[in-house]
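Student: Line by line, the protein sequences give chains A and B.
Residues in the first sequence are numbered from 5 upward in steps of one, following this note's numbering.
Residues in the second sequence are numbered from 1262 upward in steps of one, following this note's numbering.
What the hints contain is simulated information worked out from the structure, not anything from laboratory work.
Predicted model, so just to flag it, every value in this text is computed and none were measured.
Ideal Cβ positions, reconstructed from N, Cα and C, are used throughout, including at glycine.
Worth double-checking, as some hints may not be accurate.
[Claimed, not checked] Listed below are several chain A residues computed to face chain B (Cβ distance under 7 Å; list not exhaustive):
1) G42
2) G46
3) G48
4) C52
5) A54
6) F98
7) L99
8) G107
9) P111
10) R133
11) C143
12) Y146
13) K148
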Amino acid sequence: MAEKMKLSLNVNGQARTLDVWPMARLLDVIREDLHLTGTKEGCGEGECGACSVILDGKLVNSCLIPAVQAEGGELCTIEGVASEEQLHLVQESFLHCGGAQCGICTPGMVMAAVDLLHRCPQPDEAQIRDGLAGNLCRCTGYVKIVDSVADAAERALQVAKESRS
Amino acid sequence: MNPSLHIGHSRIRKEGRAKVTGAAQYTDDVCMSGMLYGATVRSRVARGILKGIEFGEGIPWDEFIIVTAKDVTGDLYVALIEQDQPFLALDRINHPEEPVVLLAHEDRYLLEKARAAVRLIIEPLPPLFDLEESLACREVIWGSDNSFKDILIEQGDVDSVWGAATHIVQGEYKTGAQEQLYIEPNGAIAVAKAEEGVTVWGSLQCPYYVHKALKHLFNLPDEKVRVIQMETGGGFGGKEDYPSLIAGHAALLSLKSGGRPVKIVYDREEDMVATTKRHPSRTRIRSAFDAEGQLLALDIDFALDGGAYLTLTPVVLSRGAIHAGGPYRCPNTRIRARAVATNTPPHGAFRGFGAPQSLFAIERHMNVAAAEMGMDPIALRKQNLLKMGDSTATGQIIKEAIDLPGLLDRALEKLDYTAKQESCRVHNASSSPIKRGVGFASFMHGCGFTGAGESYLASVAGVEGREDGKIHVLAAATEMGQGANTILSQVVAEVLKVPLEYVEVARPDTALVPDSGPTVASRTTMVVGKLVQEAAIGLRQILLQAGFLSEPYAGEAFSNAVKQYLAKNGHLKAYSQYSTPPQIVWDDQNYKGDAYTTFAWACYATEVAVDTRTFEVQVEDFVALQEVGRVLNPTLAEGQIEGGVAQGIGYGLSEQVVWNEGRMANGQMTNYIMATSMDLPRIRVYFEESPYPLGPGGAKGIGELPMDGSAPALLNAIQDALATVTPREIPLTPERLMELVESSNG
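Bound-form chain B, shown alone (with noise of 0.2 Å):
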């Protein structure tokens, strides 16, 4: 086998240069000539209904650019999922962050002072905020009965298992809502004019689904509506359905302005307070084991709140469920979930999608499982955990090799778990006040959409040949920090068997590149980098036949060779379009086949110290192991699983989103805690790579995988810690965890 010249090795991130100088371009830096900034005037209220909106004295009024849900003459709904999320309330209020009145004016300052001048009168209607009571339809807040969605996943018959079963442990855990917290806030500038239709430039994840946005809200065709992609400073899912809105907003502010360019760019309480965060969840588990500790059915109900409209949720929910039974082999599993509308702004997408909370449950379950039972919870896993030719909960039989208990025992042995137990037993039979523990989590996490979520969307991604002899990718896939830029021109250069230099990706531009899919649910390497491996195998078999380049051949005859064909024949350019692989089979009516084309497994594992006087938990160290596939460039996937760690340890531990009237009370950095560098160990990556034969270069996602595993991990440790309590709610704040122990002292 050749040894391959991209695939495998740490290029230096294409971008990297422009970053480390400042010279990046993102949303804020742009300044456009005649520029307005705009605003927006939002309810305040939970729920109601709109009577009237006044504009108080003291602001030159006329000199503002003022819009109302009254100047929509296209489609007032955000299209997505459902069209039920208005861009601004027309009468009903549904959260207490529903835009209502935008303004624009060339003075900032003065905008500010004006926004504050907005009177709204909106009267009161009794609102919703706990999922349960929405679940209980005390209230009927959205459609007939407050559902967003309902899924069954049936395997088995579980309720034939109950009577024999040796034991049947019961639990039922929490998640709250997370904060996506990337530094640059949204942002988008647009100009609108009713003649030659919109243009965005924007912070966001998904330029097509901001397009189709647009094209709704304005009535447009394909062709008027553009959406250029900024540098973009984490999106982490908050960039994924949100900026449709504010891109509408700053279009409709330019239209109404006469085609001024408007910037709107939230300041961080706006983006905390009115943007999207994960969806806060409920699991309840009932499961029946053996004598052996087999398990013998997993009943799970699964519940997440939505917020006040659809957005995203069904396909989040999905997620979840599909994740709910973890990496484990059970042939009777049910699983119903979930999803309910509550008077909140919307949740909507954060890394992990739904499985970071369904995880986090089955995670800690099995630990609350074991320690009912009187067994190892290591023991407890390996006779449980997925093998080839098992099923998972939709049936899914799982055609690869996979080694879960050996993923499992490697990760113990990176982090010495059995002598850090000991140790750690030892330590808290002293007087100390700190106690240690230890603990770990196996998970997995699927790549690409779920079901058949890619076979609908049907993406293209293409090459381009240019004047200057150097290839383009277009794809529609969003540089945010996780490295697309590098490793779409990794997998093209290594097809093309040129230097890097040669490869360069295409700004996302909707006007210049295909719609290769939102960048979202860890597919941009495994799905759209197999796209553009296929788009260059076809470019270069192009220049072949024409007899522009015969192989072997050198960077300089590539180039030379693309230079050669432009001449002649004007353009070269090669797409590829995505097509299920065979064998792949889903049932979306029936959630049955496979959710997944494939998985990416591991098990993370972790030492605490828990201050028992302050209640403080110190992470001290951590290992994440995984099995991705091939590793195309190891400092970028390491750096992907780290920065992932990190938001899984604050989603344990301190990211806590505290709730007053459906409105996040504490938007601030100050106030809602994400962990400093003081406050995180040198987080330990390892991968286990073994080639994914449909992924490009063998390549699996990963991007969300280590959202997964770290705050059951954490937990699970920090219950080894302290014996006494069984910590079953995130975050595990420290005045959660002081309540815990207190009640447990009786």
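So that you can see chain A by itself, here it is in the shape it has in the complex (with noise of 0.2 Å):
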């Protein structure tokens, strides 16, 4: 039987040391061993994004991601989005425009708004629907998701407007 390896690696902004199963998904130790359970797992074969984390910067399925592969790695999960209190503008978009229904799919689609809205900060509506296409939702539609990244969009460009100001 295999033994337990160390897997070092940063979590939402904290070092943290664990041991692991070699084979362990990244999912099973970030919801078991971290105990953040806000990344969830709708399907296991990365179909649904419910698990979507992200790892060194690119959005993954954390139920598709061998744990060792985050080795050394940076990896923000639906914990680390918000700063304390304060949420994250995508987050708010979401509360305000409806986007969130039963929940299940949110943080991931959070997940996938925020590393949209990172690498295009002001997609369009074609944009947002292509960004969003690897997390399912089986409450909204739609509509409400993508009104909320169009919003969270649209505020962070008020913003940088005010700051420039």
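Hey, can you piece these two chains together into the complex? The hints should help.
Tutor: Shown next, in the form of structure tokens:
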């Protein structure tokens, strides 16, 4: 039987070292070893995107990533998106625009939106739909999610303008 | 009239912050000390006799908790309508996902190996998978004739009409099974001890359904069973009856382990193949029209495949049968509705509950009939749409001032139907391989339980004053994304004239909240909302009469009054119980009378583009216009409609359950195809508000309505695009459409 191995990585800004099974999924390490249960499992095969996290600046399905692949990496989960009590713009927009319904896809959806706006700060509707295509939502028909992302982009622009003036 | 404080405003979802930060606790997020994981060994054979169970080598079986039907000391059968479905198969196997053995262990990797090492010895019996074969009793697999329910609705004299009719149009329509596909799979955690009783935490819609099932399973009194709803990641009907089984399984394992917590959370495939889906259906319609297109007679034969056990099938059939005539006036109607058994896992509740099946048939049929008679489908519908004073198939007189032709006109206007239809014709005359078309469907959905359902339920809900001066809503209505927490809070805060933050919804927990009925049937806002509204009026009255409050008051004065009252009296609670509104009469024996206290009405219109090389259908535009009473929270209401339409589009075009010997063969998100953000247009939602006097703040139910009209509107549009084909079956996948086109080309 394989032995556990050391895994060192940065999780939401904090250095962490854990003992993990070599073939453990990053998702299990996040949920069970790090107790960060905001990241969800919807399908376990990379279809639904509920387990989306940002690893080394890239949006990934954590159910498809062996934990060892995160060695020395920088991991951001939904718990690392807001700073203390202050929600991220994307989270605020999801609240105000009705982007969250049952909430199970929401953490993954927020991660995908954060990643999209990082790569493409002012996306049009087609770019938003493309950016969220890896995340399934069964409640919303995506309309209010798309609106949430557009709203976050719009408000980010306002914030940038205000800080310049 | 005073402007309302909360009603009609898009208040932010109560539990929204917990959801966007990932803090909300779903069942699988809970880990208890000493917890075991549970797994289910299933039959894999569609029908047979269980002869033995073998536990394979290489597994430390003594470390496992193992439960079979023989361990059940109470009632082995799930208490619902008919007690025919066993928690665990005793000797008879009736479908390929029949639970036979339960295993629990703290190591869930070893648990998976163990599950694979259990071998069931089953002597096979001839199975039945086909609806028609079951109707014909090719094999008797349930009761004496496979029949779960047989309903006859009759009005006028259908058989007197055929001779005199100018047009007689017949058609047969089919709908497939559909998976609810909530993104959070089913799951439950249980702690069961011989002395203390059973507590279950789970992802579920109906805490009191689970409560009842567990009481029977363990032969326990009410107070020894406690069911607590965790945050629930979507339900759509799929967490209506099945959670009783999972909760029972987890509790059986816990009891045998001596009371350790046991968690069972299905993986995606187990959830898809083993739990309930929408009933497949077949509808035959024979219709008679006069020369002007006036409907003279409808003779409808509606049949549902119920799967192996009765579960909720009779009520699904009932709603389907009542909606089968559509929103039309027809003096002579006969609706024969039957549901029969097959050896697939039981089909169950899914948003719409029988109505999407029968409305698909009638709304396709109206277009088929229009084409056969050489009439415009708009004109044909306008001739026949119900108006105030008309009677439905059950003899229910429409007492509301509805304007269905107007609703139809306005939906078509929003789509720009006439201009689009013309431009589609011009486009389709070109050599482009893309063909375009427009279509629509007119329909309704009965709000709340069917017939006498609500009066049997006699639901109770309440409100409670708390020491911090806040009010808690006490109801078993579950939040599963639809917005129950927010809507019930808005209703109560409106009555009490306090800010929304003063009202919280207590977590549905059978030890703490009364039975306000199941969270189903588009009844939460309209029925439970009305009860909490009345309870809130009662609570305010208590404070006013006790002299702690005098009107007008501000929010702070209210919360001070609550605190003072509690300091003096110890508790402050008010309840309200459902009673049938006057003039609502239903005869359950003859299916006559007021099937619903009210209906929501709608017309959906769509434009599609069909690629005649790949046979893919792109939904280019979608208009959903509905009359749903007063809209209590526009953002939430739009979200309900948008999501329902998306599920309806999937139902019509892509969501195909592939069956192999009674088992779903495509139980993965990879090959069961629901829409992504790239596949859908911006669904355009419009409400026409006409306050319903008996609903809280004027609201009707809306949750299921959007599931009903999307599929027929799409197929009507596809027929408009392709002209040469007459699709009659959903899902109309590219493969099916290709076959239709190729066979029509000869």
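Student: Which numbered hints turn out to be false for this structure?
Tutor: none
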